[in-house]
Each structure stands twice: as C-alpha cells, then as structure tokens.
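Participant: Could you build the full structure based on these sequences and the hints that come with them?
Top to bottom, those sequences are chains L and E. For the first sequence, the numbering used here begins at 4 and goes up steadily by one. For the second sequence, the numbering used here begins at 4 and goes up steadily by one.
Worth flagging that the hints you see were computed from the coordinates, not collected in a lab. Remember, predicted model here, so these are calculated numbers, not experimental data. Positions of the beta carbon are idealized from the N, C-alpha and C atoms, including for glycine. Hints may be right or wrong, so weigh each one.
Said to hold, decoys possible - Cβ pair distances, simulated, as ranges:
| hint | chain 1 | residue 1 | chain 2 | residue 2 | range |
| --- | --- | --- | --- | --- | --- |
| 1 | L | P77 | E | G202 | 49 to 59 Å |
| 2 | E | D230 | L | A74 | 30 to 40 Å |
| 3 | L | K223 | E | K118 | 18 to 28 Å |
| 4 | E | K150 | L | A111 | 51 to 61 Å |
| 5 | E | G218 | L | V195 | 41 to 51 Å |
| 6 | E | S175 | L | R191 | 50 to 60 Å |
| 7 | E | N102 | L | T159 | 56 to 66 Å |
| 8 | L | L176 | E | K200 | 35 to 45 Å |
Unchecked claim - Cut-off 27 Å, straight-line C-alpha distance, at most; resulting in silico cross-link-like pairs (DSS-like, lysine-lysine):
| hint | chain 1 | residue 1 | chain 2 | residue 2 |
| --- | --- | --- | --- | --- |
| 9 | L | K57 | E | K219 |
| 10 | L | K223 | E | K208 |
| 11 | L | K57 | L | K91 |
| 12 | E | K234 | E | K219 |
| 13 | L | K57 | E | K118 |
| 14 | L | K91 | E | K57 |
| 15 | L | K200 | L | K168 |
| 16 | L | K200 | L | K219 |
| 17 | L | K118 | E | K223 |
| 18 | L | K223 | E | K85 |
| 19 | L | K91 | E | K91 |
| 20 | L | K57 | E | K168 |
| 21 | L | K223 | E | K234 |
| 22 | E | K200 | E | K91 |
2 protein chains.
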Amino acid sequence: MCFKKVILLLSILPFALCQDISDPSPFPRPLIIEYAEINGARLGDCLSVEVQLKCTSWRVAVEANNLSPWARIPEDCADYVKEYMVGKGYELDLQRVSNESENYARSASLSGDGKDAWIFDIDETLLSNLPYYEEHGYGLEIFDSTKFDQWVEMGTAPAVESSLKLYNAVLSLGIKAFLLTGRSERHRNITVHNLLKSGFQDWNKLILRSTEDHGKTATKYKSEKRDELIKDGYRLLGNSGDQWSDLLGSSTANRAFKVPNPMYYIP
Amino acid sequence: MCFKKVILLLSILPFALCQDISDPSPFPRPLIIEYAEINGARLGDCLSVEVQLKCTSWRVAVEANNLSPWARIPEDCADYVKEYMVGKGYELDLQRVSNESENYARSASLSGDGKDAWIFDIDETLLSNLPYYEEHGYGLEIFDSTKFDQWVEMGTAPAVESSLKLYNAVLSLGIKAFLLTGRSERHRNITVHNLLKSGFQDWNKLILRSTEDHGKTATKYKSEKRDELIKDGYRLLGNSGDQWSDLLGSSTANRAFKVPNPMYYIP
Numbered sequence: 004m005c006f007k008k009v010i011l012l013l014s015i016l017p018f019a020l021c022q023d024i025s026d027p028s029p030f031p032r033p034l035i036i037e038y039a040e041i042n043g044a045r046l047g048d049c050l051s052v053e054v055q056l057k058c059t060s061w062r063v064a065v066e067a068n069n070l071s072p073w074a075r076i077p078e079d080c081a082d083y084v085k086e087y088m089v090g091k092g093y094e095l096d097l098q099r100v101s102n103e104s105e106n107y108a109r110s111a112s113l114s115g116d117g118k119d120a121w122i123f124d125i126d127e128t129l130l131s132n133l134p135y136y137e138e139h140g141y142g143l144e145i146f147d148s149t150k151f152d153q154w155v156e157m158g159t160a161p162a163v164e165s166s167l168k169l170y171n172a173v174l175s176l177g178i179k180a181f182l183l184t185g186r187s188e189r190h191r192n193i194t195v196h197n198l199l200k201s202g203f204q205d206w207n208k209l210i211l212r213s214t215e216d217h218g219k220t221a222t223k224y225k226s227e228k229r230d231e232l233i234k235d236g237y238r239l240l241g242n243s244g245d246q247w248s249d250l251l252g253s254s255t256a257n258r259a260f261k262v263p264n265p266m267y268y269i270p
Numbered sequence: 004m005c006f007k008k009v010i011l012l013l014s015i016l017p018f019a020l021c022q023d024i025s026d027p028s029p030f031p032r033p034l035i036i037e038y039a040e041i042n043g044a045r046l047g048d049c050l051s052v053e054v055q056l057k058c059t060s061w062r063v064a065v066e067a068n069n070l071s072p073w074a075r076i077p078e079d080c081a082d083y084v085k086e087y088m089v090g091k092g093y094e095l096d097l098q099r100v101s102n103e104s105e106n107y108a109r110s111a112s113l114s115g116d117g118k119d120a121w122i123f124d125i126d127e128t129l130l131s132n133l134p135y136y137e138e139h140g141y142g143l144e145i146f147d148s149t150k151f152d153q154w155v156e157m158g159t160a161p162a163v164e165s166s167l168k169l170y171n172a173v174l175s176l177g178i179k180a181f182l183l184t185g186r187s188e189r190h191r192n193i194t195v196h197n198l199l200k201s202g203f204q205d206w207n208k209l210i211l212r213s214t215e216d217h218g219k220t221a222t223k224y225k226s227e228k229r230d231e232l233i234k235d236g237y238r239l240l241g242n243s244g245d246q247w248s249d250l251l252g253s254s255t256a257n258r259a260f261k262v263p264n265p266m267y268y269i270p
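Facilitator: Here it is, written out as structure tokens:
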C-alpha cells in the first residue's frame, strides 16, 4: 500500500515524469525526476496505469449512461473512486458542468414572463452527501436506506459549491428554480432547513416524493412532475442532475446537464 | 518535448510510480522507480498531471453531453486526445460499450416477429475514420468536408472491431439492423462497398441523407427516420452511435449506447 504517506510526500514534492532525451540511444537508462510547477500530483499517482485506465473507462461509461443498473462500484476501483472524489478530478468536473450550465443560461433567450424554469435535483447536485459516503466506502457498500435517512435527518449536508454558484446565477437571470428530488415528503422540513443553511434560497417550488410516488422509478416520477410543470406553462430551459434518471424521460429540458457522480446509480 | 523517444523508452521499461514508504519521515526523499507487470505505460505518461486531469474532465463532459456545440478539440488537449485514440483508452472504452450493448441485447425479451430492431450509426460507430483523423490532428483541425468526402470515396475505412462483434451478435439474435448515417445518398455505393469489405453484412436497411434531409440537424433527421421505423411497427431495442445526435430526439430506443468519440461533435 502506497497510500496516505505518498500524499504527504507528493504534496511536498510535486513532480512530472518527463525526460529530456537529447541523444537517440535506444537503451534504457534511469529516468530523471524533474520538479514541475504543477501541484496536481496526489494519491491517484499511486494507482497503477492499468487501474487508472480501467476505472476511468468505467467512470466514463457511468457518465455517458452506458451501464446497466449497477448496485455498487467495482471493487478494484475503490481506491480510484476515492481518489477521484477527494482529489481534484471531481472538483474539476463539477466546475466544468457548472460553468457550461451558466454559459448556456446566460445565452438562452428568456421570455421574462415568469415562466422560464430550471430544474435542480438535490442530492449530489445541490447538496453533497460526501461526508456520508466517506464513511461508507464511496459507493463500495450496498446502499443502506436506513443509515442514509439518519444522515439526511441530521440536515448537515454541505452545498456543492459550484452548483450554488450556478443556482444563484440562474436566479439572478429571472429564471425560476424548481427543486425536484427523490427525497420523501416526510423529509421536507429537514431538507428546507438544510438547503437554507447551505445557502440556497428563493426556489419556486420544492417537489418531494409523496405517498403515491413511492415505488415509481425516478425517471417516471420526475417525468410526471416535469409534465405537470409544462402543463402549467413553464418552459424548462435547463435541468441539472447527477443521475440520468433526473434528466431523461418525458418533458425533458432544452439542455440537460449531467453532474458527475461515480458513487451510485438510481434508475 | 518528451515525445516519441519516451514511447520507445517506456515500451522497453514499463513502470509504476509507487513508493513503499515504511518509515514515517516527513522529508522529501528521491522517489524509487519500480518495474511493474503492466504494459500500459505509453506516450500519455509524458503528459503532466494537470493536462491529464483537465483533458480527462473535458472528455468526460463530451461523453456525458455536457458541452455546447464545439468545433474542434481544445488546443492544449491535442496530445492527450492523440494518446487516447492511439493508446489503450479508446480501445478499452469501445470494448466496454460493445460488451454492455451485447449483454443488454442478449437479456432483452424479443418478440421474434421480425420487428425487433437495432440502429447503428456508421462513422466512428461501425466504421473507423481514424486513418483520416491521424492525418488531420485527431480533431484539432476544423472539419473540412471536401477532404473528408475524398476519404469516404476511397471506401477503405476499417471496421470498429468491437462494433463488428456487437453487430454480429445482434444479428445472430434475430434482431434487424438498421444503419442510419449522416452520409449523403450519393455515397450509397461506396458505403455499401466499404461496409461489406470491412465485414458488415445482412443489414435490413441502409438509410442515408436524401436531398430533403440536407440542412437538417442530425438529431432532427435521425429522429424523423426513427419515427418512420416506429410507424412501420419496429421496436427499437438498441441504438449505437458516437454522437448524442444519434441517440436523442424522438422515437428513442429502449437503450442508447454512446460509443466514445472525443474528436468531433455533430449537432
């Protein structure tokens, strides 16, 4: 295991592995380690090239919606997913999707009649459950709804900062925010409390699963709720969610933005 | 530049950069280069951690359909994209999507009435234009339709091998193959010739853009063609395409499979 100790070392000694070979000798020689200005070297550099390739391929397949329903991350990608989540990868991806979304929102032609709308999912989109998943193997453990509910009921999930930035930008343009979550209606109060505490304000409506929505797939439940918004005359400009089941189905938004999440899958 | 010479070196000397630190000394010390069994070390190891992170993030955003229309790859990802395409990354991703698609096809409940259908795009899905893009910066150059047409008219594009495997598996299950391409009707003969030469046979129909389809986006053109298939009673079990415009729109298939392609974007 070359794990935490290497983080320490690499945070002191960032490096790049490039050799300036000025003679054409075909024989192997010792590689020269050079100092570099970048400070991106982290835990992930300890994973073998093979694991990096394989698990990146798996993660890309997740983000492209190419995988069948899956219950937990591949066991041999456990360190990779952890590194991605706590390292720079996740943060970079979050910022990219937030920036893309904001650029699109700013360029969209708005009607200004109060019917321009944007849909936001909550978990892993507006609020981060990373403190919970840190304790549960970053998706390596099978999902335990009892334990997760206990976490939700603490109401302490931090904001996904890049999403808070997008959220505020969207509101500042006069677009209405609809929060459409798979959370249960019985968690309304704690969810409102958590959202406010984490900096989210002034949403138009918070939609949670009511009794009759339980047992439906997220795709079906969320599609029905979007159908209702369309019937009420809203134009769905954008939709931000970390699950494809947030984004696909009927009454889809003009642009859908897949927020990264390699930890779990909701059908 | 630590480019081709390092490929040479690394192909002789595969390595992993992991140190087994058994004492907790917080002081920097020389890193130890270890031999490893894997042979995945290539050109990409020359890219800085920063470029790897940034360009992987960009590529994930492409595959997740998070980017606005884009005309060419980011300039600072030119080496990264090349490495991905000629290295193991692209091949791994192709195999993964092919395997996922085949598993799904084998588990799908088929009617057996001759109306089970699968849609395949052609370019970068069944046939590879990599020999062309090798000569044109792997997406770094702005697309030149005249030059690309000259390449198409040679009829020498090789099969995407993983897609040929899927294609044959799909046919062996009794599913009808519909080839739905953005290529023009005037390229029908050379396309048929190229497909046959590369090993593809027995498709049910090859659909190309006719005069009235020119000027439509791929999403619109392909949606209209899928609408017609549905009207003809076909059930679209699967759809394989390297562009989201192959997969989204109306009459979408039960499962859509995004074949990797970081080189270009078609709306």
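Participant: Each hint needs a verdict: does it hold in this structure or not?
Facilitator: Here's how the hints hold up against the structure:
Separation of P77 of chain L from G202 of chain E is about 32 Å and departs from the stated range, judged on CB atoms against 49 to 59 Å. For the hinted restraint 30 to 40 Å between D230 of chain E and A74 of chain L, the CB-CB distance of approximately 36 Å keeps it satisfied. Taking the beta carbon of each, K223 of chain L and K118 of chain E are about 25 Å apart, inside 18 to 28 Å as hinted. Against the hinted window of 51 to 61 Å, the Cβ-Cβ separation of K150 of chain E and A111 of chain L comes to about 35 Å, which falls outside the hint.
At roughly 49 Å, the beta-carbon separation of G218 of chain E and V195 of chain L lies within the given 41 to 51 Å, and the hint holds. Remark: the range hint 50 to 60 Å for S175 of chain E to R191 of chain L is upheld by a beta-carbon distance near 52 Å. Between N102 of chain E and T159 of chain L the CB atoms are about 41 Å apart, so this pair departs from the stated range of 56 to 66 Å. Checked against the given bound of 35 to 45 Å, the beta carbons of L176 of chain L and K200 of chain E, roughly 53 Å apart, lie outside it.
With a CA separation close to 38 Å, the supplied pair K57 of chain L and K219 of chain E exceeds the 27 Å bound. Under the criterion of a C-alpha separation no larger than 27 Å, the hint pairing K223 of chain L with K208 of chain E is inconsistent with the structure, at around 33 Å. The straight-line distance between the Cα atoms of K57 of chain L and K91 of chain L is roughly 19 Å, inside the 27 Å bound, and the hint therefore holds. A C-alpha spacing of about 21 Å is found between K234 of chain E and K219 of chain E, which places the hinted pair at or below 27 Å, so the restraint holds.
Proposed proximity of K57 of chain L and K118 of chain E is contradicted: the alpha carbons are some 36 Å apart, above 27 Å. Simply put, K91 of chain L and K57 of chain E have alpha-carbon atoms about 10 Å apart, close enough for the 27 Å limit, and the pair holds. The hinted pair formed by K200 of chain L and K168 of chain L meets the criterion: a straight-line CA distance of about 15 Å does not exceed 27 Å. Among the hinted pairs, K200 of chain L with K219 of chain L is inconsistent with the structure: their alpha-carbon atoms are about 30 Å apart, more than 27 Å.
Distance restraint check for K118 of chain L and K223 of chain E: the Cα-Cα separation of roughly 26 Å lies within the 27 Å cut-off, and the hinted pair is therefore satisfied. Of the supplied pair hints, the one linking K223 of chain L and K85 of chain E is violated, its CA atoms being roughly 40 Å apart against a limit of 27 Å. In summary, the hint linking K91 of chain L to K91 of chain E is supported, as the alpha carbons are separated by about 23 Å, within the 27 Å threshold. For a cut-off of 27 Å, the pair hint linking K57 of chain L to K168 of chain E stands: about 21 Å separates their Cα positions.
The straight-line distance between the Cα atoms of K223 of chain L and K234 of chain E is roughly 24 Å, inside the 27 Å bound, and the hint therefore holds. Using a Cα cut-off of 27 Å, the hinted pair K200 of chain E and K91 of chain E holds, with the two alpha carbons roughly 26 Å apart.
Hints 1, 4, 7, 8, 9, 10, 13, 16 and 18, counting from the list given before, are not met by this structure.
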